[in-house]
Every structure is written in C-alpha cells, then in structure tokens.
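Knowing the structure of chain A, use the given hints to seat chain B on it.
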Amino acid sequence: MRCSLCKKDKAVIKYRHSNMYLCADCFKKVFEKKALVVLKRAGVLRGSGKLIVVAVSGGKDSLNTLYVLHKYSEIYDYDVIALLINEGISGYREYTIKGMISLCNKYKIEYKIVSMENEIGFTVDFATELYKKRKIRWKPCTVCGVFRRYLLNKHAREMGADFLATGHNLDDEAQTILLNIFQDSLYRVIQADYISREIVPKMVPRIKPLYYIYEKESVVYALLNKIPAWHIECPHAQYGMRADIRRFLNKLEDLKPGTKINLLLSREKIIQKTKSLKMPMKYCEICGEPSTHEICRACQIRNVINKFL
Amino acid sequence: MIRVKIISRAKEIELKENKIIAEKLIRKLGFSPDEVVVVRNGEVITEDDEIYDGDFVEIIPVASGG
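Protein sequence lines correspond, in order, to chains A and B.
Numbering-wise (my numbering), the first sequence opens with residue 1 and increments by one.
Numbering-wise (my numbering), the second sequence opens with residue 1 and increments by one.
For the record, the hints were derived by calculation from the structure and aren't laboratory data.
Do not take every clue at face value.
Only pairs whose alpha carbons sit at most 20 Å apart, straight line, appear in this in silico DMTMM-like list of lysine to aspartate or glutamate [claimed, not checked]: (1) A:K8 <-> B:E43; (2) A:K256 <-> B:E23; (3) B:K11 <-> A:E233; (4) A:K154 <-> A:D79; (5) A:K251 <-> B:E23.
Examples of chain B residues toward chain A, derived with CB under 8 Å [unchecked claim]: (6) D34; (7) V39; (8) V44; (9) E47; (10) D48.
Each residue gets a CB set at the ideal place from its N, CA and C atoms; glycine is no exception.
This is chain A alone, in the form it adopts within the complex (with noise of 0.2 Å):
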C-alpha cells in the first residue's frame, strides 16, 4: 500500500476509521502534529521559559511524549526535564529505568528518578502481596496511581514546573472515560481532557500531549524512532479493571473503527456543556498536600499499609 499524503512511499501505518494509509516519514510528521496541537491549545507555547516535567515511567509512551517535547523544545522556547517515580515493581521497573536512561544520556535530557519506597516507606510490590493475602482491600493500580500522581505533583511543584506532562494517549483516555462512568465518578471524566481544566493552588497543570494518538501509533512511532521503549505490559496489570476496558473498547474499535476518538469527542462537548461544574478541591488534613476529601488518598492508603511495616 502506498502513503495517501505523498503518494510516494510504502505505507507503515492503515487508519481503519478512515482508510487512510502513511508512510514513515508522513506518520512522523503527523504523529509530532497532532501533540503540537495539544501544545499550542493547551498553552504551552505561550511566553517563554517555561518548564515541563515530563512523567516518564520508561514505556513507549511516556518516552515518546519525553522525545517529542525534546525535540519542540529546539524550536519553542521551554525547558524540558523528565521525572521517573520508581514505585518498586521488580521484574519491570528496572527495564524501563533503563530505557529513560538510554534516551535521556542519548539526548542529553536533565532526568530526576524518586523512590517511592525512600519517600513513602513501601513498594507496590509491599502492597500487592498485602491486596493478595486480602489484607488491604486496594488493588495494586489503585495504590500505584494514587502514589505516582502524589509524587509526580509534589516533585514537580518542588522543581518549578509550570506543566506536567503525562504520556497518556488516546486509547488511555477512552478507558479512563468509561472506566469513570463505571464508577459513577461523573466530575473526573469532565475535569481534564488535553489538559487539567481547573486552575488549583499546589496541583502542577498536567497536560497530555498524546491525548489524539491512538496506543498502536505510539508503538509505531517508538518503533520507527528506534525509542528504546520495552514492550511489555505491567506485572501487576491483570488486577484492575482498565484491561477488561482495554478488550472491550478494542472489540467495539474493530467492529465500528472510530469508537474510542468518537467517546474522546463526546467527552469535549460535555466539558464545555459543564464548565460551571467544578471539582470541590481541598487540602489534606495530614500532608497538605491539594485532594477532594478531607485526608488524601494517599494518606488513607498508607496509615492502613503502615500497620504492616
């Protein structure tokens, strides 16, 4: 198959939504297209010498998000330095430091790696042997997600980001928008969608320059730029409920190409249907840390885990 843009080159990618076929060089150049735009929306580009973290976990999509933001940061002017939160998976987590390392030693990127063991006194390794022997009732996702955002925002506050990015893409986000209804969590589909829609003291805007990539034109795009990604999936995954999500909208994408950008376009109409409705942001009662209940998640994970240490 030849590329439908330049009518030149084999094909690399098929876009089955639109029967529209790209070449290497084409996909490259619509792949960075699609994250400027997210760039240039979300305010990114506006002023100069700003500072992005970038969550990096060492996967081929927060690598990909790492490059990319590196490589706009020689054209705009922004500063870029990459946060790695270890949150002790063994079997996993020391491949993808690698990883981060590789491309930031290759590009000569300013990198930051935080233990949670150091900062928080336990690994999620710690914690799913307690969720397996039915100790705590939280499941390794939720322990681990709830900590990484912890620690993303406070490093990143603590090193003067004006924006976190996340390598979040477009198939990520479908699963967080029904994984959200599943749970009647109506205010977390509406409060972020390219970027956090409310401005709140202590919490670092977090934007999500993936936000219109589909999760296989991330492996493509890794793999062309010869990202050294590891492609493979978290130990820990088969507990939460997003793989379920995962093959059930890949099901429906393959029986109807376009469902997952279509939930992605709905979710915008209702943001700008609901922009009066706002998240009842606090302050942890224990770290002081920005949250919706009167004592964080965090904290109300770890005084449980803490019993056990």
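Below, chain B alone, put in the same frame as chain A:
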C-alpha cells in the same frame, strides 16, 4: 516457511504457508489489527501487506506499560 515471533506470549511459531495477508495472520493468532503492530524482516508493515515464505515476522503488542 514463515517464522513468527509473538512478543506478548514469548513464543515463536512456524507457518507452512507460501503467502499470507498480515491481517489474516493477526486474526489467526487471536488478535485484532488494533492490538498489534507487525514487523516483517525488521520493517513495520500494515495489516493489508503480504507476508511470504522465508519472512521473519514479529508481532508486537500494542498494550504495554501500567
């Protein structure tokens, strides 16, 4: 013979076919085209491309990470 390495299953199989469309191979392995990327002899291909006798194919899972 077509050699196929399925990364997510850490498994390698051999197909006694002279020619197969990538999408047919993907579905034969139990995936949909949105769930995997096909790399033929080191080059990324689309699901509409053909795979021939003697080719080495890697099936890369789209889902990875946490």
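Do the hints match the structure? See the list:
Proximity of K8 of chain A to E43 of chain B is assessed by CA-CA distance (about 17 Å); at most 20 Å being required, the pair is judged to hold. Taking the CA atoms of K256 of chain A and E23 of chain B, the gap is near 16 Å; set against the 20 Å cutoff, the hint holds. Taking the CA atoms of K11 of chain B and E233 of chain A, the gap is near 16 Å; set against the 20 Å cutoff, the hint holds. Proximity of K154 of chain A to D79 of chain A is assessed by CA-CA distance (about 19 Å); at most 20 Å being required, the pair is judged to hold.
For a cut-off of 20 Å, the pair hint linking K251 of chain A to E23 of chain B stands: about 15 Å separates their Cα positions. The criterion of a C-beta within 8 Å of any C-beta in chain A is met by D34 of chain B, whose closest approach is roughly 5 Å, and the hint holds. A cut of 8 Å between beta carbons decides the hint on V39 of chain B: the least distance to chain A is about 7 Å, and the hint holds. Because the smallest distance between the Cβ of V44 of chain B and any Cβ of chain A comes to about 4 Å, under 8 Å, the interface hint for this residue holds.
Interface restraint check: E47 of chain B against chain A, minimum CB-CB distance 6 Å, threshold 8 Å, status holds. A hinted interface residue such as D48 of chain B counts as satisfied when its beta carbon comes closer than 8 Å to some beta carbon of chain A; here the least separation is about 5 Å, so the hint holds.
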